[in-house]
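Engineer: Taken in sequence, the protein lines are chains A and B.
Numbering follows our numbering, with no gaps: position 20 of the first sequence is 20.
Basically our numbering = 1-based index in the second sequence + 1000.
Keep in mind that the hints were calculated from the coordinates and are not lab data.
Hints are supplied without guarantee of correctness; some may be wrong.
With beta-carbon atoms standing in for the labels, derived distance ranges [stated by the list, open to error]:
| no. | chain 1 | residue 1 | chain 2 | residue 2 | range |
| --- | --- | --- | --- | --- | --- |
| 1 | B | R1003 | A | A23 | 40 to 50 Å |
| 2 | B | K1059 | A | G42 | 42 to 52 Å |
| 3 | A | S25 | B | Q1011 | 40 to 50 Å |
Ideal Cβ positions, reconstructed from N, Cα and C, are used throughout, including at glycine.
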Amino acid sequence: MLELYDGALDVPALLKRWYEEEAQSNYGAYIPFVGTVRDENGIDGLSFDIYEPILIRWFDDWQASASEREAKLKMAHSRGDVLTHESSYIAAVFSPKRRVALEMIDAFVEDFKASAPIWKYDLIDGKRVYADDRSTAISGSGILAGGAQ
Amino acid sequence: MVRIEFLGPIQKPAIEMEAASLAEVAKTLQQDPELKPWLDNSAVAVNDTLVSGLETPLKDGDKVSLLPPVCGG
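Throw the hints in and build the complete structure from the sequences for me.
Structural biologist: Written out as structure tokens, the structure reads:
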């Protein structure tokens, strides 16, 4: 399940609801990852753009591979502005076995950082400044630059 | 006509052009100096599927999206 929200995430409510949704599903492990916006470099917060059609496909592919291992993924992300000390991202894995869940949360969050079509901006003095120094080119980028083949 | 969309921080309105392949789109976009740095580091999707080569054929009504470097979370 992929959930997108305008503004900061309600962390306690999401974690509680996800827990309750799967409480009777016989999963032995529930591993959430909560991303919090840190107060650093003088920012007021972060802001996000999301391209939903490709994000949904990316997430569905991950859900299919989780399903092959009898696991389930849930993810929530913010659109727009999220202030410091608030949360913009939660990912969670439910799995019968802890080892699968521990490995999957690592691989899922890393691939999320490298591949999910989400763009981050620092909020500085009310302006959005693209976080290009922290962004990663998606695998296969640059094909339009090389000239006609 | 195919529609070219520039996502996230590229901050450029969508354009429409005649093109039978991604190679033709590349040729046109390379004429725009503002786009040059983005062409180097953007991934490309046709109708919301990421593609890896310029040989991808295009037909009328197709959507080409440029995805610059990402940073979710």
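Engineer: None of the hints should be skipped; say for each whether it holds.
Structural biologist: Evaluated hints:
Hint check: B:R1003 to A:A23, Cβ distance near 46 Å, so the stated range 40 to 50 Å holds. For B:K1059 and A:G42, the Cβ-Cβ distance of about 49 Å falls inside the hinted range of 42 to 52 Å, so the restraint holds. Taking 40 to 50 Å as the suggested C-beta distance range, the pair A:S25 and B:Q1011 conforms, at roughly 44 Å.
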